[in-house]
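Chemist: Each chain is listed here by its residues.
Number of protein chains: 2
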Amino acid sequence: MPYTYDYPRPALTVDCVIFGLYEGSKLKVLLIERAHEPYMACWALPGGFVEMDEDLEQAALRELEEETGVKNVFIEQLYTFGAPGRDPRGRVISVAYYALVDLAEHPVRSASDASKVHWFEIDRLPELAFDHAQILQVAINRLRAKVRYQPIGFELLPEQFTLSQLQGLYETILGVPALNKRNFRARILKMGVLEEVGKQEGVAHRPAILYRFDKKRYEQLAKDRYDDLLKRGVDFEI
Amino acid sequence: MPYTYDYPRPALTVDCVIFGLYEGSKLKVLLIERAHEPYMACWALPGGFVEMDEDLEQAALRELEEETGVKNVFIEQLYTFGAPGRDPRGRVISVAYYALVDLAEHPVRSASDASKVHWFEIDRLPELAFDHAQILQVAINRLRAKVRYQPIGFELLPEQFTLSQLQGLYETILGVPALNKRNFRARILKMGVLEEVGKQEGVAHRPAILYRFDKKRYEQLAKDRYDDLLKRGVDFEI
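From first to last, the protein sequence lines are chains V and C. What the first sequence shows, in this note's numbering, is residues 1 to 238, in sequence order. What the second sequence shows, in this note's numbering, is residues 1 to 238, in sequence order.
Do not rely on the hints blindly, as some may be mistaken.
The list treats identical chains as interchangeable, and a pair is accepted whether it falls inside one copy or across any two copies.
What the hints assert, rightly or not - Only pairs whose alpha carbons sit at most 30 Å apart, straight line, appear in this in silico DSS-like list of lysine-lysine:
hint	residue 1	residue 2
1	K223	K28
2	K223	K190
3	K116	K215
4	K223	K26
5	K116	K181
6	K28	K146
7	K215	K71
8	K215	K146
9	K26	K215
10	K181	K146
11	K116	K190
In short, the hints are calculated from the structure, not lab data.
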């Protein structure tokens, strides 16, 4: 290293906010019970210290798998928390990541620094270690903001689904009892990313239309919209 | 410190992407010429190492003022960059912040680790140190995404302004030559946050309507929309 930097340095951690859903359940979050001090036996987000040679996202995925067994998830960076005093071990900066997964597809087991691991409903949480309650709240706000301006969560539905199933998913993520059905349908269909694939069969009620999410079409629309904006500015939306 | 952590630690920096505008100009970004190695005499984002007892945002504002003289700006956290190898001094994590300011209100002068400071048009940039070109691109994308779903930049206009002035501001931020006038007006008025305050006087052409941005109304609408969503789900928008 030709240029050295000799001042004191903070420690660096990563934390993971993994939201889990499956049909009919409330929105849940994956927590671990800490096996060591500080905050021993307290519930916390999975996470830990970053190694000197690994990328931040790689560190987050490694800690998540070590402590909970959860792997193969698509995580996104949420926010970096660095207030002095947020950790009794001294100055510790934490880069937080988040993801939304189908919890039925992610069996958990505790190991490493975690003595237990559990999916908690987000409105029935235990007390959390460090500033993890704040990190979780920022993640909930981000997830709910995101679902309002881009299609997410389709991978949590069967490949073919009804609009009622999709609406149920959105209600669960947003934590609201019942979105207005007519508005929801109009808005979601207007996005132009659902493809009709048939009708329900063998049901007692009037069969509902089945849709699939057209990911290619979604990506094309997003690209076209950007190109249009650059070329002609026709599709400006606020 | 009851719990010590003895592993190697990365160094921690903050970097600031300060976008500047004034009427008629292209979107600009504030850069400094580095006074020291590494990358001596190369242009870079203002920034530097975080002190052990200061908050991340406070560190960003301190470095910005030390190096450029710019102060009293509202910065937001952008993203944290931590790829191994991004800095020749060893492992350095950088938390990036960004802001959009009226550059006429922020005179600059170089000091500290900066030998020069200059506002560059974002499509006429010099080569940048470290991974700062990447950080800047992430900031441009974030700014342009943000302007599409919430009102920003009103503080860069006179208190009373025409829709043409507002459209010019948006075109500058988005880097597009001409948004569709009819669409832009319809969308912006539909937001319900502009208040008519009169008409232009003493102009040769047909006088345009003057508006002001109703910040209280905007905050109330955002709150109502959220309350509605929680209570009745009537206003769901994707």
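Chemist: Please go over all the hints and tell whether each is borne out by the structure.
Modeler: Verification of the hints:
1. K223 - K28: Classified as between; 25 Å across copies, 33 Å inside a copy.
2. K223 - K190: both (17 Å within a copy, 25 Å between copies)
3. K116 - K215: neither (37 Å within a copy, 48 Å between copies)
4. K223 - K26: This pair counts as between: shortest inter-copy Cα distance 24 Å, intra-copy 34 Å.
5. K116 - K181: neither (40 Å within a copy, 58 Å between copies)
6. K28 - K146: Both. Shortest intra-copy (17 Å) and inter-copy (29 Å) distances satisfy the 30 Å Cα cut-off.
7. K215 - K71: Only inside one copy: K215 and K71 sit 23 Å apart there, 45 Å across copies, limit 30 Å.
8. K215 - K146: both (17 Å within a copy, 23 Å between copies)
9. K26 - K215: within (26 Å within a copy, 36 Å between copies)
10. K181 - K146: both (20 Å within a copy, 28 Å between copies)
11. K116 - K190: Classified as neither; 44 Å inside a copy, 51 Å across copies.
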